[in-house]
Amino acid sequence: ADTIKVGILHSLSGTMAISETALKETALMAIEEINAKGGVLGKKLEPVVVDPASNWPLFAEKARQLLSKDKVAVTFGCWTSVSRKSVLPVYKELNGLLFYPVQYEGEELEKNVFYTGAAPNQQAIPAVEYLMSKDGGEAKRFVLLGTDYVYPRTTNKILRAFLKSKGVADADIMEEYTPFGHSDYQTIIAKIKKFASEGKKTAVVSTINGDSNVPFYKELGNAGLKATDVPVVAFSVGEEELRGVDTKPLVGHLAAWNYFQSIKNPTNAAFIKAYQGWAKKNNLPKADTVVTNDPMEATYIGIYMWKQAVEKAKSTDVDKVIATMGGQKFKAPSGFEVEMDPKNHHLHKPVFIGEVKADGQFNVVWKTKGPIKAQPWSPYIPGNDKKKDEPDSK
Amino acid sequence: MLTVSNLNQYYGGSHILRDLSFEVPTGKVTTLLGRNGVGKTTLLKTLMGLVPAKTGTVRFGEADLTRSPSHARVRAGIGYVPQGREIFPRLTVAENLEMGLAVKPASAQVPERIFEMFPVLRQMMKRRGGDLSGGQQQQLAIGRALAAGPKLLILDEPTEGIQPSIIKDIERAIRALAESGEMAILLVEQYYDFARSLADQYIVMERGEIVMRGEGKNMDADGVRERLSV
Amino acid sequence: MKVGTLEHADPTQREQWEDGAPTGRVMTPGELDLSHKVILYLEDITVSFDGFRALNALTLTIDAGELRCIIGPNGAGKTTMMDVITGKTRPDAGRAFFGQTMDLTRMREPEIAHAGIGRKFQKPTIFEQHTVFENLELAMKTDKRVWRSLLAQLTGEQRDRVAETLKRIRLTSEADRPAGLLSHGQKQWLEIGMLLMQEPRLLLLDEPVAGMTDEETERTAELFVSLAGEHSLMVVEHDMAFVKALGGKVTVLHEGSVLAEGDLETVQNDPRVIEVYLGR
Amino acid sequence: MVRLLFLLALLARLAWSPACAALDPAQLARLGADDSDEKIAAIAALASADPEAVLPVFKALSEDALFVAGDKLVRLDGETYIDVATGKALAAPPDNAEAVSINNRVRRTLDAALAGLRLFASEREVRLTAAKDVSANASAEILPLLDKALAKEADPQIKQLLVLAQAKASLGSPDAAARLKAVKSLADSADPAVRQLLAAMLDKSSGSYAEPDEAVRIAAVASLTQIERRIAVGENLGRIFTGISLGSILLLAALGLAITYGVMGVINMAHGELLMVGAYTTWVVQGLFRSYAPQWLDAYVLAAIPLAFVVAALVGVAMERLVIRHLYGRPLETLLATWGLSLVLIQAARVIFGPQNQEVANPTWMSGGIELYAGAMLPLNRIAIIGFALFVLLIVWLMMQKTRLGMFVRAVTQNRPMAGCVGVPTRRIDTLAFAIGSGIAGLGGVALSQIANVGPDMGQGYIVDSFLVVVLGGVGQLAGAVWAALGLGIVTKFLEGWAGAVIAKILVLLFIIVFIQKRPQGLFALKGRFVEN
Amino acid sequence: MRTPISLRLLTAMPRSGWIALALFALVAWVLVPVAHLALPEGHPLHVSDYFVTLTGKVLCYAVVAVAMDLIWGYAGILSLGHGLFFALGGYAFGMYLMRQIGRDGSYHADLPDFMVFLDWKELPWYWVGSDSFLWALVLVLVVPAAIAWVFGYFAFRSRIKGVYFSIITQALTYAAMLLFFRNETGFGGNNGFTDFKRILGYSITAPETRLVLFGLSALLLMCTLLLGRYLVTSKFGRVLAAIRDAESRVMFIGYNPLHYKLFIWTLSAVLCALAGALYVPQVGIINPGEMSPANSIEIAIWAAVGGRGTLIGPVLGAFTVSLAKSWFTVSFPEYWLFFLGLLFILVTLYLPEGLVGLWRRIRSTRDTTPAAPKAVAKAAHAPASTSTHSTPPDAAAAEGASA
Ligand SMILES: Nc1ncnc2c1ncn2[C@@H]1O[C@H](COP(=O)(O)OP(=O)(O)OP(=O)(O)O)[C@@H](O)[C@H]1O
Ligand SMILES: Nc1ncnc2c1ncn2[C@@H]1O[C@H](COP(=O)(O)OP(=O)(O)OP(=O)(O)O)[C@@H](O)[C@H]1O
Ligand SMILES: NC(N)=O
Ligand SMILES: [Mg+2]
Ligand SMILES: [Mg+2]
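Protein chains in written order, with my numbering: chain A, 36 to 429; chain B, 8 to 237; chain C, 78 to 357; chain D, 20 to 552; chain E, 421 to 823.
Check before you lean on any hint, since a few could be wrong.
Unchecked claim - Quick list of the computed label-pair ranges, beta carbon to beta carbon:
(1) Ile439(E) with Glu276(C): 42 to 48 angstroms
(2) Gly73(A) with Ala45(D): 55 to 61 angstroms
(3) Glu542(E) with Gly73(A): 54 to 60 angstroms
(4) Asn318(A) with Ala45(D): 50 to 56 angstroms
To be verified - Partial list, derived from the structure: chain E residues whose beta carbon lies under 8 angstroms from chain A:
(5) His466
(6) Ser468
(7) Leu474
(8) Asn603
(9) Gly609
(10) Arg618
(11) Val703
(12) Gly704
(13) Gly709
(14) Glu718
(15) Trp747
(16) Thr749
These aren't lab readings, by the way, just hints derived from the structure by calculation.
Predicted model only: the values in this text are computed from it and were never measured.
Quick reminder that beta carbons are idealized off the backbone N, C-alpha and C, glycines included.
Same shape as in the complex, but just chain A (with noise of 0.2 angstroms):
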């Protein structure tokens, strides 16, 4: 064939729609950019989009089809945990070759899979790590709430197990969790507020996900809780998120990630601007208000990584492009050059604290110095110091 095909896996309908639009828009607008520079070996990616509409059973159906049909060289797709797992098999099966972007619970090291979201380590521990530190607010006691699923239920258990190492009680911890969709606050954050004024500095740590962050904020700021109180660190809530909410009772909690848009370098500029110009282009909604966003930066990384896989190993060969991703190297918009694990097929990410500031942005106020290694069997859990970080080879 004269063009390489690349699948992308996002939901652009359903309650994933929100999140995901933005990641298949970023998908195209690099495909586009690599074509106009003369595409990968010399040959054009002709993008394949489907749509697996929220619906898991759905994405295992269109990642079968990806492969088997369409025949595509790479996939860029899946949001949610269980969309990941749900297609795991499939590209386990049929060899294929998938570069996930968001920030997840970690515990899962594919030779199929490349992860350009954050592990554990590269975002929720850091986060709890500031809230306990001077400029954080010294907090001593902690609410795990999160959405009831996968991800938030294990980011809370590493971080329950992260707490106690640090001498946290379990009587300062207080776990809750919403179901998806879960629209009434009221409850919540009555709980939060009377666990708050039992005692030490308290702090939050939302994993909610979804929809459910819209009315959760709105609540937390109608109901008083300010930041300088009771701050609120997310894992899940990024510039995208907060578009649909009134963020100015919002200012000052917090959210933590590998990328956010207010940071300054040129690169990211770049990005910025490129985004916006698409969003122009081709007349997305609201396209003067487009934001860019982590899972957007991991995305744009993952495809380029992948170009420069394939360009090193001269074939779009699933097992030789696995082979050459190892210790690729690209100047991402957060600033700094990440890079490929040479083995876990984490990327080396830095990790930024970001405040909200009334006009939606983040407010840097925390960072590493550089990128760091991804542990995807934390070692909060128990037995996962004897895990390869590397995937097993069949």
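Chain A is fixed; fit chains B, C, D and E with the ligands onto it per the hints.
Below, chains B, C, D and E with the ligands alone, put in the same frame as chain A:
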């Protein structure tokens, strides 16, 4: 005056009304008789626009109503007491009567005459129509049709389920309405004695066709009763 | 017929009813006990709706094989009484017995039907989507449990019975038409036919000839008279000619209780009956 | 601790020294430094300056409107840049201006300083807020400040707050009499923090009581019981309120359906999308106000109400005319067609407005909350929604029960052909009724936009709950829907407090299933003989 | 009772039906396997594994659709919670598949990965025996049947009907979904079960295994159709339809609707469960999303699109809707909801009896004879013999959604 000419009506493919033509003059009672299933109710439904006429015309006074929707016919002055009562079960008796005034301005009142004829309706104003006994519902249906003071009153077996004393009242009332000279009345009735005593003119149907017609006073002589019981 | 026996009429029928909260506690499980010649016994039945007494301490008995006419003004409570007998309405007070032993106020509708009470409603209710034939087939007296229905097939004899009934109600030509397409009077007939197929011991007939021609009314009367004796019948009608043709004892209901009782003539001449019902 | 010391210094100085005129340029320079510690020190130092001069600077700092431009510190006031050192407006905006950013730690100090300064402001509201802030963080160090403020304060409500703050701050006083007085006056408090403080006095873990004086301990026990009772009352009030609030939302989401489904019998699976239409209309109205009438921005919700009704009603008319009209008498088919309609509407929203959620801000008069009782914070938007639910309910009730239109609607749905035969133009009534039901759903959307997501999928989240409410109440029973919504709201909230949101929701659903066993026709079952036939 | 049941089963369907069934069996059991295994990939007639899994999945959906139609179309009970039974069957069989992974999971432990991860030390009691295929089959049948039976018993005993029933079934599946979302419930929470490796020792991804599963799905569908056909043409079917149209009347002639409804309801649930059990190994994942109310609504939609009150209709509906969805989501990823939504609207408006109605209409226009009355007489018979048809207009309008 209602003028029906060459009316044909089908259900699916079966020919139910065959080329009917007749008139219902104002100030008179026209009774329509026929055995079960000959198409009397179908005819009345066609007159009310509940089922569309296949061919033929229905004129009321000057107006051609053949293709008008039901509510336009009511507006033109037709009142209808259907077979099976068809009251509004979850509306109160008062509201059912008010429904009878749907074509009148909102300020219109239910005429006192109706309560004189059916005193039970006044007692039960607040009860829901569906809770009434069968006979009470029948009275309500008649009351509802009379509320707006129609120029043509169509009744489909109005005595069904009504106690004898009230049947007599109804008989008197219909008589009086006809004699007032402002109303045309088309009455479908199985109860021969009742029909005969009211009829100014009669029509007998059989299998969708009119097979006899004549003056009411000649009904006995014409052998209508025998005709009905073949 | 064994009278006064405690044996179960058809043991296979029992388990079917052994569910449900108000277990039809048949006082003496067994065949209809007609030892006192009374098939239906209502005592002090009271039913109120939002304070309005539709039945007011109504007491009434019907003998086995009797043909009883019930008349009375609109709203006297005739239909409500039938609702009580068939289990559709629970009385606020009073007792209702079928035979000597079956307490109707504690039985559920299908149990009552099974015990042998059949009813024709004031407004004809039939299965509109089913053909006339199927309506009769469904009503036929047979084992009505699920497994039986799954395996059931009409025997020739059963077919004959349906055909016979069709003829009786003069709907043979309509046998294969959906019942919903029948005219009002035809539906009335069909419902009577279904009742016949059920072979009930006691038939409750609510205004069976409404909407029938005079001739058909007569035929209906003949039919009912022929049924009396073997069956017991309770007929509600406003058509005095029909009541007369039936010739049985007449009970006049008024405001929820019995106003007068006797043969038609006596009742017709009772001034109170004339006042509230017949009119002058 | 460091922070507290700064606080002490700042507040003490503020209380004692007379205001000095100009701001110290050295401190101003530190304010622009990168390091948080520097900033905090600068704030502490500046806090003793002339309030008139320093307030705008602090405000600018807290609102991201303070910039470092070269060696100058400038603040943005509206459209103009002002040199902080000189207090003069700059002719042109400085190039190379970089915002001075603060983190939560700095913000805390800043807020305290602002509150302290504002205690002496002339506007009552400002002082009130400041008093609340101060009393929340009251400690012995600020006693002199409180004394001074109390001496000046005339407003009784603010005074009371300050007295409480004073008492709280005096708890640590070495003087037993002062402590006793403080403990006694704290009996009026309902602040969990106070409870914590009092409980700490009674702590005996180190062998002897933390509070040495017996009389003070006795008073503390007495005060503690009172406070605890009050907190308990507050919590229960709060729970009932949240229940009612949830109930009012369920009701608003369900009322439109109570008409389209409950009265007209149309199983409208696109009901949620009509809510969405209302919510998007609100968002559009907000946008229009922002662009064309920013001074009236707070009124956008009021303008959105009629508009949302109209827009949703028009969508309803279109749905009715194009689709539903052909399906009367085939109620289950409406399920299929309206499901299709809902897909189309969702996708339309996605294409027009994008898949993301839209930001709908509460107008200021609906932001924040009132504290009914310490611990029972009633957010204003929730209160407004409860009121709005009552308002919509009243409208619906009047329309259905008191107007001829309502009667016609009910008649048409009970017996369509016969309604025609008494002269009701049935088709027009259908359209009208459906339009009204849809419009009411649009109103529900306005309310939802104030508390939840506004996005293409938002309606899907309400459809199950809406049907539950209508059905639990009894189809066609407005009163039933009201009770069902409130009942569900309160039960959910009490269960949630006890079992968490997920289990509570499961329990509520199971409860509904069991409840319907008992009342197969819903809470307000239609009674009467016509029901069966 | 005199004719043996096997014979009656045979006569329950006209000869054309048997021929169609035989053709279907030939395609499913012979042509597809041959085309999949024997023909090389490039061959124009080659059947890809994508096709096999997709079609296998849709066959399972078709079974569910028929099961739904048995209760909705024939008994008038609209369940908006049938996804629950489908999912329960899937979960029951999924437990077995999880155990078959053995130590090949990422944790190389005896317990399923998600349990290791959540610190479960041993299998919870309800997992006992789940490594046995036979026990899994028992669970597939018994659990959904028991739940359906208990739920149905109480619901039907209280005479919950119409939309009330629909809504509580929806509540039921919704509650179950929330329950299964919880990790504590012990079924993998939101992720559910996935990453299956083996079934009865055979690799689950082997083409032969796939074909067997595909063939079994086809077999299940055929059996369901046959059974359905038998039921609806029996007296049982007529009683059921009578209950649908006038329940209280049925009671007055002595049938107890409770038992009738309960039987068909439970049967329908079991059919769904079987379909679910076959579905899971073919798509490779089961999670609580299958219990979402929207999924159950979609099941009803398959039946309605195809033609309610017929047996072949739901099959057509399931195929049309699922395949349309599969195709639209690829060809028009941004606009497919418009097409799907419009499809539903147009079918309802113009094909009130679903696709089957369309086919009937085409057929009847084709053999229209000049003798109009004859054709009409036939038409009058049609509704009765096939029991399609909605309630008559007046009654239905008055009664809202209780049909
Ligand atoms: N909806 C329908 N579809 C087809 N046929 C119908 C329909 N309604 C009635 N019929 C048939 O039309 C014929 C005439 O019915 P109609 O109700 O007009 O009779 P009728 O004269 O009023 O009888 P009755 O005295 O019993 O009321 C009957 O044979 C009936 O079976
Ligand atoms: N559910 C109910 N709610 C209120 N009132 C009712 C209810 N059911 C019956 N009634 C009243 O009870 C009385 C008795 O009704 P019933 O139907 O038994 O009378 P009936 O003797 O059969 O009259 P008819 O001869 O008119 O059929 C009537 O006044 C009726 O309005
Ligand atoms: N990986 C997540 N956010 O599900
Ligand atoms: Mg008639
Ligand atoms: Mg009666």
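Distance restraint evaluation - isoleucine 439(E), glutamate 276(C), Cβ atoms, bounds 42 to 48 angstroms: The hinted range 42 to 48 angstroms holds for isoleucine 439(E) and glutamate 276(C), with Cβ atoms some 43 angstroms apart.
Glycine 704(E) as chain A interface residue, shortest Cβ-Cβ below 8 angstroms: Check passed: Cβ of glycine 704(E) comes within 5 angstroms of chain A, closer than 8 angstroms.
Hint check for alanine 45(D) and glycine 73(A) - Cβ pair distance inside 55 to 61 angstroms: Given about 58 angstroms between the Cβ atoms, the range holds.
Status of the hint placing glycine 709(E) at chain A (closest C-beta pair under 8 angstroms): Holds. Min distance 5 angstroms.
CB-CB spacing for alanine 45(D) and asparagine 318(A) relative to the 50 to 56 angstroms hint: 54 angstroms, holds
Hint status (Cβ of arginine 618(E) to nearest Cβ of chain A, threshold 8 angstroms): 12 angstroms, violated
Interface restraint verdict for serine 468(E) against chain A (beta-carbon cut-off 8 angstroms): 6 angstroms, holds
Proposed interface contact between glycine 609(E) and chain A, which counts if any beta carbon pair is under 8 angstroms: With a closest approach of 6 angstroms, the glycine 609(E) hint holds.
Interface hint outcome for leucine 474(E) [beta carbon to chain A under 8 angstroms]: 7 angstroms, holds
Closest C-beta approach of tryptophan 747(E) to chain A relative to 8 angstroms, hint status: Check failed: Cβ of tryptophan 747(E) comes no nearer than 11 angstroms to chain A, outside 8 angstroms.
Hint check: 8 angstroms Cβ-Cβ cutoff, histidine 466(E) to chain A: Status violated, d = 11 angstroms.
Hinted contact asparagine 603(E) with chain A - closest CB pair below 8 angstroms: Cβ of asparagine 603(E) sits 5 angstroms from chain A, so the hint holds.
Hints 5, 10, 14 and 15 from the list above are not met by this structure, while the remaining hints are.
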